[in-house]
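Engineer: For reference, the chains in residue letters:
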Amino acid sequence: MTENKQELTHEVLEELKSEFGDKIVEAEVKRKTRLRIKINGENVFDIADYLKNKLDFDHLSSIASVDYPETFEVVYHIWSYPRKILIQVNALVDKESARIKSLTPLWKSADWHEREVYDMMGIIFEGHPNLKRIFLPEDFKGYPLRKDFKIGPKPWYKED
Amino acid sequence: MDEEIRTEEFILNIGPQHPSTHGVTRLVTRLSGETVLEIEPVIGYLHRGLEKIGENKTYEKFLPLTDRMDYISSMTNNHAYVLAVEELLGIEVPARAEYLRVTLSELQRIANHLMFIAAFGADLGAWTIMMYGFREREMVLDLMSMLTGQRLLYNFMRVGGLKEDVPLGWVSKVREFLKALPEKLEDYKAYFYNNEIFLDRVEGVGILKAKDAINMGVTGPNLRAAGVAYDVRKDDPYSYYDRFDFDVITEKEGDTFSRFNVRFNEIYESLKIVKQGIEALPEGEVIAKVPRIIKPPAGEAYSRVEAPKGELAFYIVSDGKTDKPYRVKVRGPSFCNLSSFPYYAVGDIIPDVIANFASIDIVLGEVDR
Amino acid sequence: MLENILYGASGVENGLIRGIVGVIATLLFVSLNVLFLIWLERKIIARIHVRYGPNRAGRYGMLQPIADMIKLLTKESIVPKDADKITYNTAPWVAFLFALLPAAAIGIATGLISTNISVGLLYIVAVSSLSTIAVIMAGWGSNNKYSLLGAMRTAAQSLSYEMPLVLSMIGIVAIVGSLNTQNIVAAQSHAWLGIIPKWFIFYQPLAFVVFFSAVVAEMGRIPFDLQESESELVAGFHTEYGGMKFAMFMFAEYTHLVVGSALVVTLFFGGWYLPVVSGIFANMGYINYIVQIAIFVAKMYVIIFILIWIRGTLTRTRINKMLSFGWKTLLPLALINIVITGVILSL
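Heads up: the sequence lines are chains A, B and C, in that order. The opening residue of the first sequence carries number 0 in numbering that gives the first Met the number 0; numbering runs sequentially from there. The opening residue of the second sequence carries number 0 in numbering that gives the first Met the number 0; numbering runs sequentially from there. The opening residue of the third sequence carries number 0 in numbering that gives the first Met the number 0; numbering runs sequentially from there.
Heads up, some of the hints might be wrong.
Here are the simulated PhoX-like cross-link-like pairs (lysine-lysine), alpha carbons at most 20 Å apart as the crow flies [to be verified]:
{"#": "1", "chain 1": "B", "residue 1": "Lys233", "chain 2": "B", "residue 2": "Lys56"}
{"#": "2", "chain 1": "B", "residue 1": "Lys183", "chain 2": "A", "residue 2": "Lys51"}
{"#": "3", "chain 1": "A", "residue 1": "Lys51", "chain 2": "A", "residue 2": "Lys22"}
{"#": "4", "chain 1": "B", "residue 1": "Lys210", "chain 2": "A", "residue 2": "Lys146"}
{"#": "5", "chain 1": "A", "residue 1": "Lys146", "chain 2": "B", "residue 2": "Lys56"}
{"#": "6", "chain 1": "A", "residue 1": "Lys94", "chain 2": "A", "residue 2": "Lys146"}
{"#": "7", "chain 1": "A", "residue 1": "Lys149", "chain 2": "B", "residue 2": "Lys274"}
{"#": "8", "chain 1": "B", "residue 1": "Lys51", "chain 2": "A", "residue 2": "Lys140"}
In case anyone wonders, no lab produced these hints; they're calculated from the structure.
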């Protein structure tokens, strides 16, 4: 059974590689149900579309974002109910523009996840219907999860 | 006098301070009379920036903060977090600790579901059931406080195992509890399943279809109520869940009643697991050898558990240089369950929306983090 | 003299003194019952909930209502900024007044009635339906959306339950041939075989079911407490009220409970008559009155207990179901009851 699982995971990876070739920067099977690929931000919609509609990865579990020194990474975790495999897609996002395509046309659940990433990391999701802050007040300045965000005494509070 | 009688839609803010918002959330509803035309949840009132705090605390010191996310079921929060750190470190957890983790998580699930039933009753105007739910939940809390010294925020799991072994006599107390609870649950059955008014309020209200539920990222009992037999414990087992025998409860309709039903019946499944857990409890250590300063090698880990409210996941990135996580991301089930709520709640009248909202069982500490 | 005033004997039947005494007596009777009821309801509900209920102020917490009253009366009176001041401030008094008025035409013993008008029932029905106006005033005057929704619900509720309420009484009126409450009770004073009372619940069981449901709805108690359902509308029409004004609404609510159950006892449970007991004390003057009052109050509290029990047991229904229950179930049943009664009486 476990052997089988491992093979299945590899199969998915092979299929992805043959479809997208060198658009996949990096790929590995982390463990028997975990797959990790690294891609460039501009390809994310195509790959997500393929994952959802061809490979049955139907549950967008979460969207995270990481601020690395050279680049942003938006990390998608997508689970497949039929295959029982979790794929982790690390999409590299340029620090200057901080833009990536929204996945809301594919998953409704992407809505709030993307708003959260926007709120916390300031990455703009193109095509998102309602991209505004979700946790923080609308007039909040800065994006707290960026590493250059200074935690001062109440940064949102302005003394008149 | 041929002036026309005018009607107007109006906006009603349900919350942030409202008896049935289960914390502080705001549902901006557009109403036409009693019919709800649009709902927009507004969240963030309880936002404490836990993810940012996580980046500034050591791995161990973040653990107590996980309690404060879903404060109704803090044990499973602990569980998800330590699993992620253990994945980063590559630690093998002793068997006794794993069995206890499963047992404790299931006890927590029972407490959570009883709390759900209590709150659900209160929202429907059945205060008696609310009191009953709290009374039975107290039994679990007694067990937990005997074990951890805390009633709500346990902070009991550790990276590599548990804080300490169970005290003398705890296991026999659990056995007593396993006998006592099913008898009490009979009262609930009598109350809910024969109550014309209750059934009338919940059946066919707020229907969420399986296809939509998947697309909206709904997980946990809400998804199973729609007919998708997805349970992280079965589909992607963690700890020792693959050694336990239990069923995944599903319903077909996906309405408020199914959501209630799934949770109610899950209590019985959890009792089964707890029973197996304490029967099979092996002797031995409860914590593995873990370095004093936790400094995992560079890498990422994504751990998922089936929390009582759905799929709870921690995504942790370590840069390998410090003893603090580079990034902590929490995927809370309540967050996604709430985000899907507007899609299937519109078109109902206010009482139905309230019943529906109660049935998705969210906790705002976890939505806002 | 005193006897004449109290029992409405000849001469002072409609005198001024009798009127004043009647008003004070009614007010006193209702107030004392309300105070006791607040404690009783909390205690019984607590027992159903597996709690203790009030147990600090006085023996068994019996002074709790008084403590509550003092607290509420000493609170600051707050008026919302955008409220319609006049409507907002008068609404509690109107509610209080219209809750109390029906009590004037309900007697608690033979002749012991504030105003013994011949169209008693008609008066009760007319006046009690006016309390809806107070609720709408409160809902509109508070300038709060929850209050408004609560008021609208009350209006809808009262419209749809007033009808079956009135129609279910018609059977009794037809049997007795009078609208006077004294006559209605007197008509129930006999017994079959000396022990089985000739109460109208046995003549009119269907009417009783309709009447009782409608009364519960009119009182706005669970399962029909939609006007102030706390999980939906926070507190409904009295969301914005506090202190004294809230106390007035509270008082009005419990007055409804007292008056409603008194009406049920009067119409269906033979008022102050109990088969064997009433016969024993029939010719004993003052003692007879005390016994009659005791019987009446005891019956009233049985009904109240049942109402509290219902509150502790059921969940809240929803507004659309409630209205359709009123129009589609209770109203036809009430009409059927009238037809059946008419046919039997004409035989």
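Engineer: I'd like to know which numbered hints this structure contradicts. Please list them from smallest to largest.
Structural biologist: 1, 2, 4, 7
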